[in-house]
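Asks: Given next are the chains, with one letter for each unit.
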Amino acid sequence: MNKLILGRYFPGDSLIHQVDPRAKLIAGIAFIFISFMAKNGQGLILLWLFTFLVMSVTKIGFRAFFRGVRPLIWLILFTLFLQILFTAGGTIYFTWGPFKISEFGLINALFIFSRFVTIIFVTTAVTLTTKPMELTDGLNFLMRPLRFLHVPVDELSVMLSIALRFIPNLLDETQRIMDAQKARGAVFGEGSLFHQMKALVPIFLPLFSGSLNRGEELANVMDVRGYRSELPRSSFRQLNWGVKETICMLIMVLLIAAFAILDLVS
Amino acid sequence: MNEPMIQVENLTFKYNRLKESNTLSSVSFSVDKGEWLSVIGNNGAGKSTLAALLIGLLKPQSGSIFVCGIPLNEETKWVIRRRAGIVFQNPDNQFIGATVQDDVAFGMENLNMPVEEMRRRVIEALKLVDLLNVREADPSRLSGGQKQRVAIAGVLALHPDLLILDEAFVMLDPRSRCDLLQTLKRLKAEQELTILSITHDMNEAAASDRILVLKNGYVTRSGSPAEIFSAEMDVEAPFGERLRRLLLSKKRRVPESYLTESEWIQWLCK
Ligand SMILES: Nc1ncnc2c1ncn2[C@@H]1O[C@H](COP(=O)(O)OP(=O)(O)O)[C@@H](O)[C@H]1O
Ligand SMILES: [Mg+2]
Chain A
1 MNKLILGRYF PGDSLIHQVD PRAKLIAGIA FIFISFMAKN GQGLILLWLF
51 TFLVMSVTKI GFRAFFRGVR PLIWLILFTL FLQILFTAGG TIYFTWGPFK
101 ISEFGLINAL FIFSRFVTII FVTTAVTLTT KPMELTDGLN FLMRPLRFLH
151 VPVDELSVML SIALRFIPNL LDETQRIMDA QKARGAVFGE GSLFHQMKAL
201 VPIFLPLFSG SLNRGEELAN VMDVRGYRSE LPRSSFRQLN WGVKETICML
251 IMVLLIAAFA ILDLVS
Chain B
1 MNEPMIQVEN LTFKYNRLKE SNTLSSVSFS VDKGEWLSVI GNNGAGKSTL
51 AALLIGLLKP QSGSIFVCGI PLNEETKWVI RRRAGIVFQN PDNQFIGATV
101 QDDVAFGMEN LNMPVEEMRR RVIEALKLVD LLNVREADPS RLSGGQKQRV
151 AIAGVLALHP DLLILDEAFV MLDPRSRCDL LQTLKRLKAE QELTILSITH
201 DMNEAAASDR ILVLKNGYVT RSGSPAEIFS AEMDVEAPFG ERLRRLLLSK
251 KRRVPESYLT ESEWIQWLCK
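Here the protein sequences come in this chain order: A and B.
Per the UniProt record's numbering, the very first residue in the first sequence carries number 1; after that it's consecutive.
Per the UniProt record's numbering, the very first residue in the second sequence carries number 1; after that it's consecutive.
Source of the hints: derived by calculation from the structure; they are not laboratory data.
Keep in mind that the hints are not guaranteed to be accurate.
[Stated by the list, open to error] Pair by pair, the computed Cβ-Cβ distance ranges are:
hint : chain 1 : residue 1 : chain 2 : residue 2 : range
1    : A       : Pro168    : B       : Val170    : 19 to 25 angstroms
2    : B       : Ser224    : A       : Phe204    : 27 to 33 angstroms
3    : B       : Lys127    : A       : Val57     : 58 to 64 angstroms
4    : A       : Leu142    : B       : Asp179    : 57 to 63 angstroms
5    : B       : Val79     : A       : Phe52     : 29 to 35 angstroms
6    : B       : Ser224    : A       : Arg184    : 20 to 26 angstroms
[As the list claims (entries may be wrong)] A short, non-exhaustive set of chain A residues, derived as facing chain B with CB atoms under 7 angstroms:
hint : residue
7    : Ser56
8    : Arg115
9    : Val153
10   : Glu155
11   : Met159
12   : Ala163
13   : Arg176
14   : Leu218
15   : Asn220
16   : Val221
17   : Gly226
18   : Ser234
19   : Phe236
20   : Trp241
21   : Lys244
Even glycine gets a Cβ: it sits at the ideal position worked out from N, Cα and C.
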């Protein structure tokens with residue numbers, strides 16, 4: 001039911017689960033850059049090897065990772081087609097008007113496909129192994145420098161964590177309202193578009209007013225429990241950076257070095 | 001020098017200025033330090049409104065509120081909220097943290113408390129409500145009663161002088177309700193905790209020191225549980241009082257006032 005990227009945590013006790021969210025976030029971002037360093041065959045192989053290594057260390061079935069690719073599949077295919085059809089160079093295998101399928105086009109497409117998919121797999125590995133709240137804490141830490149630009153980092157992360165906390169409630173509520181409407185004979189997902197839209201109104205109205213009420217009550221609770229955005233707050237959840245995290249960073253540095261060497265050699 | 005914990009004078013409030021009738025009409029009462037006051041009354045009597053006013057969520061039209069001797073207003077409400085905690089009716093919308101222990105810690109985080117102290121107090125508070133075993137659980141996995149206990153723990157962790165409970169026990173099973181009432185009684189005795197508890201449960205009201213009856217925004221009566229149960233024939237009385245009234249209607253000899261169950265045993269065995 002919960003399809004949101006941030007809410008897809010898979011409980012587990014793998015090595016990656018135990019790593020501090022900051023290290024995972026940094027590694028994930030680093031990987032995005034690294035994937036652009038792969039410029040030859042060996043680089044490509046290394047990219048995929050690393051990705052599969054990360055995926056298997058999470059001890060989560062590969063199916064969960066493919067689910068991460070699914071929403072982006074059309075974007076990937078579209079990009080691939082553009083690459084294949086409009087890149088010229090090398091041996092030309094096929095021509096039809098302005099379209100060509102060339103050697104370079106296919107190679108380019110392979111690289112782009114690999115980058116896309118490995119980035120999705122690795123970032124999915126991060127979100128699947130990190131509790132949403134830890135992710136929020138990690139983001140909060142990484143965005144700290146933005147405070148100097150007067151970005152309300154702490155407020156944003158409180159907002160984010162409360163939003164995350166209420167997503168399951170909202171989904172439950174949607175289901176409940178839909179069930180209630182169904183029990184009264186409402187039919188969803190059938191008939192003309194206009195009909196389908198009309199059927200959604202009795203869901204969104206209660207959902208919306210429910211959220212408003214909930215929001216107001218929640219604001220009151222935060223208020224009486226002493227939440228004041230202008231004052232410094234301590235944090236009960238502590239992040240700690242240990243050996244594991246440093247090793248994680250070292251691995252990323254080694255990976256960068258490996259790609260740099262591969263690039264120089266060829 | 002024993003000033004009352006709460007002193008309310010001529011408190012008047014209405015939600016809608018255009019309306020004639022007040023939600024609360026010149027309500028006056030006071031609660032001593034270490035006292036347990038129950039507020040009872042029909043639905044819509046204004047009990048929750050009174051609680052919201054006491055913690056500074058609403059502003060009275062007229063009248064004054066003193067908590068811990070401090071007059072309640074926009075500036076002082078933060079000071080007062082450090083010493084007074086409230087637990088609301090609906091436990092679902094009170095849950096802020098992602099896990100039980102995160103939620104209990106929320107109030108302490110707002111006070112910028114050091115982590116070690118928070119850890120210690122979270123464990124202490126969760127022990128008080130007997131939920132230490134689910135401290136890692138997320139709220140969706142808890143029952144309504146458990147959520148109410150988490151909310152109570154979140155307030156107790158702050159070591160308040162005053163605890164305001166707005167029907168905070170309704171979802172509790174009888175067993176944990178009994179345990180929690182015992183715990184609160186102990187805190188009241190040991191730490192002079194003052195409790196203002198809004199309730200529909202007459203057994204709970206019977207356990208308190210004094211009862212305030214609110215009817216359509218007016219305080220109609222205030223007194224010891226014994227006085228209230230004997231006088232207010234239309235409140236759904238606890239077992240002891242129902243027994244007394246039943247015997248009375250059968251023209252039997254009965255005690256003059258409300259008795260608790262153990263008092264009944266003594267009386268019957270005389
Ligand atoms: N936010 C609000 N806006 C307008 N009227 C309200 C609001 N909350 C409560 N009321 C009204 O005020 C009266 C007292 O409500 P409340 O204090 O919740 O009663 P109780 O808790 O004793 O059942 C009720 O008539 C209710 O309809
Ligand atoms: Mg109420």
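Asks: Take the hints in turn and mark each one as holding or not.
Replies: Now the hints, each set against the structure:
1. Taking the beta carbon of each, Pro168(A) and Val170(B) are about 23 angstroms apart, inside 19 to 25 angstroms as hinted.
2. For Ser224(B) paired with Phe204(A), a C-beta distance near 52 angstroms fails the hint of 27 to 33 angstroms.
3. A C-beta distance of roughly 38 angstroms is found between Lys127(B) and Val57(A), which places it outside the suggested range of 58 to 64 angstroms.
4. For the hinted restraint 57 to 63 angstroms between Leu142(A) and Asp179(B), the CB-CB distance of approximately 44 angstroms leaves it violated.
5. Taking 29 to 35 angstroms as the suggested C-beta distance range, the pair Val79(B) and Phe52(A) does not conform, at roughly 58 angstroms.
6. Between Ser224(B) and Arg184(A) the CB atoms are about 51 angstroms apart, so this pair departs from the stated range of 20 to 26 angstroms.
7. With a cut of 7 angstroms, the hint placing Ser56(A) at the interface with chain B is violated, because the nearest CB-to-CB distance is about 27 angstroms.
8. Because the closest C-beta pair between Arg115(A) and chain B is about 34 angstroms apart, greater than 7 angstroms, the hint is violated.
9. Because the smallest distance between the Cβ of Val153(A) and any Cβ of chain B comes to about 16 angstroms, over 7 angstroms, the interface hint for this residue is violated.
10. Restraint check, Glu155(A) versus chain B: the minimum CB separation of about 13 angstroms is more than 7 angstroms; hint violated.
11. The beta carbon of Met159(A) comes no nearer than 12 angstroms to any beta carbon in chain B, farther than 7 angstroms, and the hint placing it at the interface is violated.
12. Checking Ala163(A) against chain B: minimum C-beta separation of about 11 angstroms lies over 7 angstroms; hint violated.
13. Below 7 angstroms, beta-carbon pairs count as interface contacts, and Arg176(A) has none with chain B, the closest being about 13 angstroms; its hint is therefore violated.
14. Restraint check, Leu218(A) versus chain B: the minimum CB separation of about 5 angstroms is within 7 angstroms; hint holds.
15. Contact between Asn220(A) and chain B, as hinted, is supported at the beta carbon level, the nearest pair being about 6 angstroms apart and thus within 7 angstroms.
16. At its closest, the beta carbon of Val221(A) sits 5 angstroms from a beta carbon of chain B; the interface hint therefore holds under the 7 angstroms criterion.
17. With a least beta-carbon distance of about 4 angstroms to chain B, the hint placing Gly226(A) at the interface is held under the 7 angstroms criterion.
18. Interface restraint check for Ser234(A): the shortest CB-CB distance to chain B comes to about 5 angstroms, inside 7 angstroms, so the restraint holds.
19. A cut of 7 angstroms between beta carbons decides the hint on Phe236(A): the least distance to chain B is about 4 angstroms, and the hint holds.
20. For the restraint placing Trp241(A) at the interface with chain B, the shortest Cβ-Cβ distance is roughly 15 angstroms, beyond the 7 angstroms limit, so the hint is violated.
21. The criterion of a C-beta within 7 angstroms of any C-beta in chain B is not met by Lys244(A), whose closest approach is roughly 21 angstroms, and the hint is violated.
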